[in-house]
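Following the hints, put chain B in place on chain A, whose structure we already have.
These protein sequence lines are chains A and B, in that order.
Going by my numbering, the first sequence opens with residue 1, and the numbers climb by one from there.
Going by my numbering, the second sequence opens with residue 1001, and the numbers climb by one from there.
To be clear, the hints were calculated from the coordinates, so they are not data collected in a lab.
Check before you lean on any hint, since a few could be wrong.
[Claimed, not checked] Within a straight-line C-alpha distance of at most 30 Å, the following computed DSSO-like cross-link-like pairs (lysine-lysine) qualify: (1) A:K210 <-> B:K1092; (2) B:K1108 <-> A:K135; (3) B:K1108 <-> A:K210.
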Amino acid sequence: MLFLEALAFIVDPANLLGEKGILPRLVDHLLYTGLSLGVALLIGIPVGLIIGHTGKGKNLVIALTGSFRALPTFGLLLFIILFTGLGLWPLVFVLAVLAIPPIIAGAYSGLDSVNRETIDSARAIGMTEWQILGKVEIPLALPLILGGIRSATLQIIATATIAGYVGLTGLGRFLIEGLAYHDYTIAFAGAILVAALALAADGLLALVQKLVVPPGVSRGSARTTHRSRWNFRPAVSTGTHITGG
Amino acid sequence: MIEFHGVSKRFADGTLAVDDFSLLIPSRKTTVLVGSSGCGKTTLLRMINRMVDPTSGYVDIDGDGIAAMPPVSLRRSIGYVMQNSGLLPHRKVIDNVATVPLLTGVPKKEAHARALELLDTVGLDRSLADRYPSQLSGGQQQRVGVARGLAVNPNILLMDEPFGAVDPIVRADLQHELIRLQRDLDKTVVFVTHDIDEAFLLGDQVVILQVGAHIEQQGAPSDILANPANEFVADFVGSARGKRRLMVDETADSRGDDLVLIDGAGYPAGVVDAPGGVLPGAGSSPKSRSISNKTDQAGDA
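In isolation and in its complexed conformation, chain A is listed as follows (with noise of 0.2 Å):
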């Protein structure tokens, strides 16, 4: 049965290490997606914070994080890679495309779903600009800036599968040598691999986000002032990138 053989290539201490090894490319593709991620955040947190605090731009993020999902991101890639030749930042470059959409509509969510008289008083009583961003807003939004990141992390895991046709490895090579030899157990065992790592992932970080719900905000209560616009939880599909590219 494929899937058993699949879960035996897994298993088999043979296949761990090695050039060719699950463990390096299980390394790299966690390197792809600690980049990417890190590039998202560095521009999707303070664009989605601004847009939150300031009320302003929001039209004008809805309407880019729309048509930014729409972009195919393994065509992108093959463009810039088309440019820039092959390497690491193209891929990076691709990913966080891909991922910044989700972060600043959770960020700018978050901040919105923060009561209109909570920040009013902060400000009355004398609290800076920074300190109901620092002090009210980010705290009170957390859970929902986390949402967005959870989200983003698992759409970065899933299509960095890409990585291994442009002449990078990951848990995609597997995917791709599979399918190029007909060698299905291990095309199969790839895309396990990469849904147990989305899988991982997105447990670590919804306990994450359970933990940073603010003492003192239940979840019943913070669930009732969300007017959260932006449904987060994409459809993890990993091998859809894979097949349709």
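Same frame as chain A, but now just chain B:
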């Protein structure tokens, strides 16, 4: 002393919330701005701590124009209490009370010690210090809000319908607590409400406002009651409908030392001391408040 000099405010959407408003708010007294929703009373209040800047005219505090003062430090020097308390939901009661002192660099220990004292001042048990606002009743939250407003020992305390969202029994309790506090602390209190009874209860000076913050009448509660300036005021304070005119209910069977008072509509409004069924001396006391239709009610839910 707070002075409004020909102040107007036109908001970005074109509404003229305040139209050429001038008023002197004396120190160490309670001034109540009262009017219906949309009369501009909250806008006036927020001009005092520069949450709103006037379009024209200016506001002085003790002779100094506030337009030249940095908003943040001005706000930190003025207590502010709002409806629904405006507490930070993610901070414990004690940290909420100590918010401003901590911002201004008072050491945490000192700020917390002072916050605990303030809980005493506003009649809250110190055991509530480690709770979060959502774990308190509405009345308790308002008390925390008042404690926070007093945390920097400000000369001026701004109160924007602070008791508007609590039930009538708790509201009466909080109102009397504020009267007691004001007796002890002697702050310049500016209080905004739409409730004329609350205005008369709390205000040394009451300012009745119409749309655009036009002053219909200002003065002591007894003056306004005795001499309403116009029909609007008479109607607003209720005297036009005979609500304020109280008389002894002759039909009531008085066995004790109190006589029942009824209002113009014949509803019982309160009682008056009448030992042996006789009203005391003809020199009627101006303290109409003591025979108002307020009943002292204890117990904060």
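Pair hint K1108 (chain B) and K135 (chain A), alpha-carbon separation not exceeding 30 Å: Judged against 30 Å, a Cα distance of about 16 Å means the pair holds.
Proposed proximity, K210 (chain A) with K1108 (chain B) (alpha carbon, max 30 Å): The given pair, whose Cα atoms are some 28 Å apart, holds under the 30 Å limit.
Proposed proximity, K1092 (chain B) with K210 (chain A) (alpha carbon, max 30 Å): With Cα atoms ~19 Å apart, K210 (chain A) and K1092 (chain B) stay inside 30 Å; holds.
The structure is consistent with each of the numbered hints, conforming to all of them.
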